[in-house]
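Take the sequences, apply the hints, and build the full model.
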Amino acid sequence: MSESAPYLCVTDVTKKFGDFTALSEVSLLVNEGEFVCFLGPSGCGKTTLLRAIAGLDFQTSGRIEQAGKDISNLPPALRDFGIVFQSYALFPNLSVKANVAYGLENRRMPRADINRRVDELLGLVSLADQGSKYPSQLSGGQQQRVALARALAPSPGLLLLDEPLSALDAKVRVRLRGEIRELQQRLGVTTIMVTHDQEEALSMADRIVVMDHGCIEQVGTPEEIYSTPATPFVADFIGAMNFLPGMASAGHVQIGKAGFIAETPTGLVGKPVIAAIRPEDIQLQGVESGGGNVVDAVIRSMEFLGTFYRVDLKCAAFGDVDLFADMSPNMVRRQNLVTGKELPVRFPPELMRIFPGRGA
Amino acid sequence: MSAKDSAATPPLKPVLGRDDWIMRLSMVAIGLFLVVAVMLPLYAMLSKSLEDKDGNFLGLANYAEYFATPALFNSIFNSLSIALISTVVVITVAFIYAYALTRTCMPFKWVFRIVALVPLLTPSLLGGISLVYWFGNQGVAKALLGGESIYGPIGIVIGSCYWVFPHALIIVITALSISDARLYEAATALRTTRLRTFLTVTLPGARYGLISASFVVFTLVFTDFGVPKVIGGNYNMLATDVYKQVIGQQNFQMGAVVSVVLLAPALLAFFVDRWVQRRQVALLSARAVPLQPKPDRRVDIAMLIFCTIVALLILGMLGMAQYAALVKFWPYNLELSLNNYRFDLMDGGGWDSYFNSIRMALYTALFGTVIVFFGAYLVEKGRGFRTGRMAFQFLAIVPLAVPGLVLGLAYIFFFNNPDNPFNFLYQTMGILVVCTVAHFYTVSHLTATTALQQMDAEFESVSASLKAPFYRTFAKVTVPVCLPAILDISIYLFMNAMTTVSAVVFIYSTDTTLASVAVMNMDDAGAIAPAAAMAMMIAYTCAIARIIHALLSKGVVARTQAWRGR
Chain B
1 MSESAPYLCV TDVTKKFGDF TALSEVSLLV NEGEFVCFLG PSGCGKTTLL
51 RAIAGLDFQT SGRIEQAGKD ISNLPPALRD FGIVFQSYAL FPNLSVKANV
101 AYGLENRRMP RADINRRVDE LLGLVSLADQ GSKYPSQLSG GQQQRVALAR
151 ALAPSPGLLL LDEPLSALDA KVRVRLRGEI RELQQRLGVT TIMVTHDQEE
201 ALSMADRIVV MDHGCIEQVG TPEEIYSTPA TPFVADFIGA MNFLPGMASA
251 GHVQIGKAGF IAETPTGLVG KPVIAAIRPE DIQLQGVESG GGNVVDAVIR
301 SMEFLGTFYR VDLKCAAFGD VDLFADMSPN MVRRQNLVTG KELPVRFPPE
351 LMRIFPGRGA
Chain Y
361 MSAKDSAATP PLKPVLGRDD WIMRLSMVAI GLFLVVAVML PLYAMLSKSL
411 EDKDGNFLGL ANYAEYFATP ALFNSIFNSL SIALISTVVV ITVAFIYAYA
461 LTRTCMPFKW VFRIVALVPL LTPSLLGGIS LVYWFGNQGV AKALLGGESI
511 YGPIGIVIGS CYWVFPHALI IVITALSISD ARLYEAATAL RTTRLRTFLT
561 VTLPGARYGL ISASFVVFTL VFTDFGVPKV IGGNYNMLAT DVYKQVIGQQ
611 NFQMGAVVSV VLLAPALLAF FVDRWVQRRQ VALLSARAVP LQPKPDRRVD
661 IAMLIFCTIV ALLILGMLGM AQYAALVKFW PYNLELSLNN YRFDLMDGGG
711 WDSYFNSIRM ALYTALFGTV IVFFGAYLVE KGRGFRTGRM AFQFLAIVPL
761 AVPGLVLGLA YIFFFNNPDN PFNFLYQTMG ILVVCTVAHF YTVSHLTATT
811 ALQQMDAEFE SVSASLKAPF YRTFAKVTVP VCLPAILDIS IYLFMNAMTT
861 VSAVVFIYST DTTLASVAVM NMDDAGAIAP AAAMAMMIAY TCAIARIIHA
911 LLSKGVVART QAWRGR
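Here the protein sequences line up with chains B and Y, keeping their order. So the first sequence is numbered by the working numbering: it starts at 1 and just counts up by one. So the second sequence is numbered by the working numbering: it starts at 361 and just counts up by one.
Think of the hints as simulated: they come from the structure by calculation, not from any bench. No incorrect hints appear here.
Simulated crosslink set (BS3-like; lysine-lysine; CA at most 25 Å straight-line):
| id | chain 1 | residue 1 | chain 2 | residue 2 |
| --- | --- | --- | --- | --- |
| 1 | Y | 914 | B | 133 |
| 2 | Y | 827 | B | 69 |
| 3 | B | 314 | B | 257 |
| 4 | Y | 373 | B | 69 |
| 5 | Y | 373 | B | 16 |
| 6 | B | 16 | Y | 741 |
| 7 | Y | 836 | B | 133 |
Everything numeric in this text was worked out from a predicted model, so none of it was measured.
Right, here's the structure in full:
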C-alpha cells in the first residue's frame with residue numbers, strides 16, 4: 001500500500017475471556033494519516049481490538065507496534081492516543097473549556113498556550129461560543145464534538161473513535177460524520193473508528209476492516225469491500241445481496257434449471273457454490289426472454305422504501321429461492337411494474353460473485 | 361492472517377504504570393485495614409472459644425459445656441422467638457405504613473415520613489427506658505398490661521419494634537416505589553378486583569423487598585443488646601448473655617462461645633438475604649412506568665388513621681423519654697427541672713462522655729468516609745487485579761454479617777493481647793473509631809459503590825488517554841460528582857457512631873466513656889431519668905447533624921445545579 005513503514009502494526013493479537021475467544025490471531029497494518037473503520041456486527045471483536053490498541057484491555061497474546069515502538073504491554077497512560085466514546089464521557093462538573101483543557105493541563109503547558117489551544121480546537125469543532133457551558137447544557141451532537149476536541153487537544157498520534165455516532169439522532173449523525181471526516185483529513189491524524197453501521201464506514205473510511213467472530217473477514221477500500229466482497233459474510237453484511245445456490249463449471253454457473261455466464265474461481269469448478277448478486281445490479285430494461293444470463297420471473301410483491309422499490313421476484317427456474325431486485329420509482333413507472341407481472345431479468349456476468357457453497 | 365500455532369505465542373505480561381501501582385497498593389492497604397479491623401479479631405475470638413482460661417487448646421469442650429447448661433442454651437430459643445415475633449409485627453406495620461406513603465393519596469405524607477425515621481436518631485436503649493416510664497412498676501399506663509410485667513418478652517418486643525421500624529420501612533418503601541404502572545393498567549383493563557390486583561401484582565412486586573426487610577429486622581433484633589439490657593428483666597437473650605459472661609462473670613471463653621452462637625444465625629440470614637437480593641436484580645431490570653396513586657376516600661382515611669396511630673406511638677416513646685428526663689422525681693414530684701442533666705454527678709462518665717461521643721462520631725464520619733469512599737473507588741474503577749478486587753469486595757461485605765457485640769468482644773481478644781503490635785490502640789479513642797468504622801463499613805461501602813457505578817465507566821479510560829494521573833481525575837471529577845453520596849455516608853457513620861452501644865460497650869475506657877454507654881450504665885445504676893436525659897441529648901445531636909447534612913446537601917446541589925442540569 002505505502003512505501004513508508006506503517007504507523008500501526010497489529011500482529012497475531014488474540015484475546016480470550018475464559019473459554020471464549022474474542023479475537024483470534026488478528027493482524028493488521030494501518031498507515032500514517034489513514035482513516036480506518038472496524039466494521040462488524042455486535043460481538044465480532046471490533047471494540048475488543050480497539051481497546052487492546054488503546055491498552056484499556058490487554059490482549060491475551062500478540063504484538064502491537066505504534067510508530068515503530070512496541071506498545072503491546074504498556075498501560076494506556078504510556079501510549080499516544082486520544083479516544084472518543086459513544087457515551088461522550090465528558091466530565092459533567094467541568095465546563096466545555098475545562099474538558100478540552102484537561103489533557104493539556106497534564107503537560108505543564110503555560111496557561112496562555114492552553115487557552116489558545118482550547119480556543120483553536122473549539123473553533124475547529126464550531127463551538128467557539130459554547131466554552132463556558134457545562135456538558136449537560138449541550139445537545140448530544142455538540143457534546144460529541146466537545147469530546148472530539150478534548151481527544152485532539154494534546155495532538156495525539158492516533159485517534160480512536162468507539163461508536164462515536166451511535167447515540168445520536170439520524171440527521172445529526174449524518175452531519176457529524178462529514179465533520180469528523182473533514183477534520184481528520186485537515187489534521188491528518190491516523191484514525192481508527194469502530195462502528196456497526198455500514199453506511200458510516202462506507203462514507204468515512206479510507207479502508208474498512210470487516211470483522212466477524214473475532215476474525216478479520218476482509219480489509220479494503222469501501223469500493224473494494226462493496227463491489228468485490230471476499231466472503232458471503234461481507235457480501236451480506238454490507239449492502240443487500242441475493243444468495244443463490246448452484247453448481248460451478250469453468251466460466252459458468254448453473255442455478256436450478258437456469259445457466260449463467262460468470263467468473264468462477266478455478267478452485268470451485270465442479271463444486272457446489274453460492275452465486276451472489278446485489279438487488280440493484282439486476283437488469284430488466286431491454287432484456288429479452290431467452291437471452292444470455294436471462295431468467296424469467298414473476299413479481300410476487302413490491303415494497304416501497306422511499307428512494308427505491310424492493311421487488312420480490314419468483315423465478316420458476318430457481319425453485320423455492322426468492323430473488324430481490326431494487327428498482328427506482330422512475331423505472332417502476334416506466335416499465336409499469338405491478339404485482340403478478342411476468343418479466344425476464346438479466347444478471348450481468350461481471351457483477352456476479354461466486355462463493356464456495358455448503359459442502360464445497 | 362498467520363497460521364502460527366497460538367500455543368507458541370507467549371502470553372502477554374502487561375507493564376504496570378505508576379497509577380496501577382498506587383491504586384493497587386492503596387487497595388491492599390485498605391484491605392489490610394479490614395483484615396486487622398474485622399477478620400483477625402474474629403479469628404482471635406473463634407480460637408478463644410476453643411481454649412480454657414489459661415489459653416490451652418480444648419477443642420469443642422466449651423461448646424459442650426454451653427449446650428449442657430439449660431440456663432445458657434435456652435437463650436437461643438428466647439432470642440429466636442423474640443426476633444421472629446418482632447419481625448412479623450414490624451414487617452406487617454411497616455408494609456401498611458409504606459403502602460400508605462407510596463400508593464395512596466393520604467394527606468401529610470411528609471410528616472409521617474419524618475416521624476417514622478425518628479428512632480434512627482436515638483440509641484436502641486431509649487425505647488426500653490421509655491417503656492419503663494409507660495408500663496414499668498410506676499408507669500403511667502401500667503394497667504393496660506393487665507397484670508403482665510413489661511420487664512421481659514413483652515417489653516423486649518415492643519422496644520425492638522420501635523427502633524427497628526425505620527430500618528424495615530426504608531427497604532419496604534423502596535420496594536413499593538419501583539412497581540410498574542402498566543401492570544396495574546393491564547389489571548384494570550382485565551377487570552380484576554382490587555383485592556386480586558393487590559394479591560397478584562402489589563405483593564409479588566414487593567416480595568423481595570419484604571424478604572430483605574425481614575432478614576434485616578430479624579438480624580437486628582436477634583443480635584440487639586440495648587433493648588433486652590434495659591427492659592429484659594430476667595429474660596435471657598443471647599446478646600445479654602454475652603455481656604453477662606464477659607462483664608459480670610469475667611468468663612471470656614464462654615462469652616466467646618455465646619458470641620459464636622450469636623454469629624451463626626446472623627451469618628445464615630446474611631447469606632440467604634444476599635442470595636435473594638441477587639435474584640431481585642434480574643426481576644427489576646425492565647424499564648417501568650412509575651405508578652401515580654389515585655385518590656380513594658375510604659382507603660386514604662383508613663390509612664391516615666393507621667399511620668397516625670403508629671406515628672403517635674413513636675412520638676409517645678420519644679416524648680415520654682423527654683418528659684421523664686425533665687421531671688424532678690418520678691412519679692412523686694412531677695415538677696420540671698434540668699437536674700437530670702447534671703451528668704457529672706452520676707456514674708457513666710458525665711458530660712465528658714457526651715463530648716467523647718461527639719468526637720468519636722466526628723472522627724468516624726471523617727476517617728470512615730475517606731477510607732470507605734476511596735476503597736470503593738479503587739474496587740470499582742481499578743484496572744486488572746481481579747483477584748485482589750474480589751477479595752476486597754468480600755472483606756467489605758463481611759462486617760454486615762457481624763453483630764456489634766461480637767465485634768466488640770473480638771476486639772478485646774485481639775487488641776488486648778500484649779503480643780499484638782496493635783496493642784497500643786487498646787483503651788484509646790483510636791480503637792473506638794476503628795471499631796465503629798469497621799462495624800458500619802458495609803452499608804457505607806454499598807452506598808459509595810452505587811454512586812460510583814452511576815458514573816460513566818469511561819472517565820478513567822479518557823483520563824488515562826489524556827495522561828492525567830488517576831488521583832487528579834478522582835479529585836477533580838469523581839469526588840465532586842459523588843458529593844451527595846459522600847455526605848450520605850458521613851451522616852450515616854456519624855449517627856451510628858452516636859447511637860451505637862453494642863460494639864463499643866466492651867472497648868471503651870475510663871478516659872473514653874461514651875454517651876450511649878453512659879445511658880446504659882446510668883440505667884444499670886438505677887439513674888433512669890438521667891439515662892433518658894442523656895439518650896435525648898444523643899437524639900438532639902443526631903437531629904442537628906441531620907439538619908446540617910440536609911442543608912449541606914441542598915447547598916451542594918444548588919451550587920452544582922448548572923452542571924447537574926436536565
